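Protein chains: 4
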Amino acid sequence: MHRYEFRVRYGDTDQMGFAYYGNYLRWFEIGRAEMLRALGKSYREVEEEGLRLAVVEARVRYLEPARYDDLLAVETAVEELGRASVRFAYRITRAGEVLAHGTTAHCFLDPAGKPVRPPASLAALLSRAPRVSGAPRGS
Amino acid sequence: MHRYEFRVRYGDTDQMGFAYYGNYLRWFEIGRAEMLRALGKSYREVEEEGLRLAVVEARVRYLEPARYDDLLAVETAVEELGRASVRFAYRITRAGEVLAHGTTAHCFLDPAGKPVRPPASLAALLSRAPRVSGAPRGS
Amino acid sequence: MHRYEFRVRYGDTDQMGFAYYGNYLRWFEIGRAEMLRALGKSYREVEEEGLRLAVVEARVRYLEPARYDDLLAVETAVEELGRASVRFAYRITRAGEVLAHGTTAHCFLDPAGKPVRPPASLAALLSRAPRVSGAPRGS
Amino acid sequence: MHRYEFRVRYGDTDQMGFAYYGNYLRWFEIGRAEMLRALGKSYREVEEEGLRLAVVEARVRYLEPARYDDLLAVETAVEELGRASVRFAYRITRAGEVLAHGTTAHCFLDPAGKPVRPPASLAALLSRAPRVSGAPRGS
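Protein chains in written order, with our numbering: chain U, -4 to 134; chain R, -4 to 134; chain B, -4 to 134; chain C, -4 to 134.
A pair counts as met if it fits within one copy or between any two copies, since identical chains are not told apart.
Mimicking DMTMM-like on lysine to aspartate or glutamate, the simulated pairs with C-alpha atoms at most 25 Å apart in a straight line are: (1) Lys109 <-> Glu59; (2) Lys36 <-> Asp65; (3) Lys109 <-> Glu92; (4) Lys36 <-> Glu0; (5) Lys109 <-> Asp65; (6) Lys109 <-> Glu43; (7) Lys109 <-> Asp64; (8) Lys36 <-> Asp64; (9) Lys109 <-> Glu74.
In short, the hints are calculated from the structure, not lab data. These figures come from a predicted structure and were not determined experimentally.
Given these sequences and hints, build the entire structure.
So this is what it looks like as structure tokens:
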């Protein structure tokens, strides 16, 4: 999986002393943006070419809490690549230990908000991404 | 389901012009906090009595985008009440239209972070909450 | 001053057990949006008419911490109304006690991002807003 | 000034297409945390030794907007070091251009929340930090 490091900031913590659960979706966003960049095209460029990845589903499993100033990594891969959709899988790790994992599913939209197939160049780029096989739905 | 209204704020939007997808988990938090308050005990009181609801899973299905200044409602119910766990179900609606729905699963922890059964008073309170039957896992 | 109530949410707290200091700027945004709405025009309508209030300065003085589930109010007024700019003043209060106060200064921009005078209708609306006199700059 | 790079994320943007103004206080937090780490002690260690830096004031001047995926730097220095307080100065830059600047003022608190002088080791560390002279108050 593609790997990108970041730190838990004070503003990410809550009074339980852990990173707030909503932050993980932001960390997933960072993961897919940095994986795309590593594959050769930033998400900014994708949008500038008139395509958007609209999120249709997000799932997170929280195993162990993350704490302030922890050096974490978000690991990202493609779990499923459809004709007009893509599902990314993520793991949040700390020194190799998996703290959380999850997925986000997206459809491709044109500027008018209509679902479309991505251009061949983007489909080719995503087909070169690290792959993981999804857990059976519902697990 | 228990219903609580709120507005989409400017800081909630992203450059797509929609509410950012991570905000929905915050809105779910607001929903369960306000449902507990309506049932007779705030989550602050739950924590002060030494119990915490640690989140173990979150899921969101995004159907239609929310926009700046939209007046939304978060509707909350209990989907499953276990001996040491609870699953809440949520809907985010705008003028009756469902924009998103999802669930969060939690376990009860004592101050040492050990899973415990909730005190009878909290279990009784949760058993009086609005109930929905969960979709088959994986849907 | 115009008054609007809201609650401190779990995601607003940090591991010190207080509301994170960055949230106050969001609360100020809520204050000016709700004051405009009370005066007769939402900020969404202002933007739809092609005008934007771009922030040029923000200041916050933190006196007492806010805590989880506190019922706070943001009190908002106009401190200074220029030809192409406006400065709002805010107080964050809890049961009458002032926890923080501050200001934000904005200029009016047209859709091209050029500073402009606001239309007469908006200037008139702002001139009816509650007023406070600013502290001498630098206080 | 101490310099630390980061990116503007999608969740940081608002529907104006710019980074939301509240994020700058988070970026300032990142700046002072990373400056402390570079000087030899993380803020996590400071807190573990029983000291907290409570914010008493924050100011931001916004000059130019930051956009999605911009690679920014937060530059941090000490502007004023008192006996029981410290004021940090910050600049947010993009490719050398200053987009925003500001300050935060803090007092040192013991675990009971009482203002205290910092231990000699921390005072010595802060005295080795990059220094800037503050603008006259009120500028």
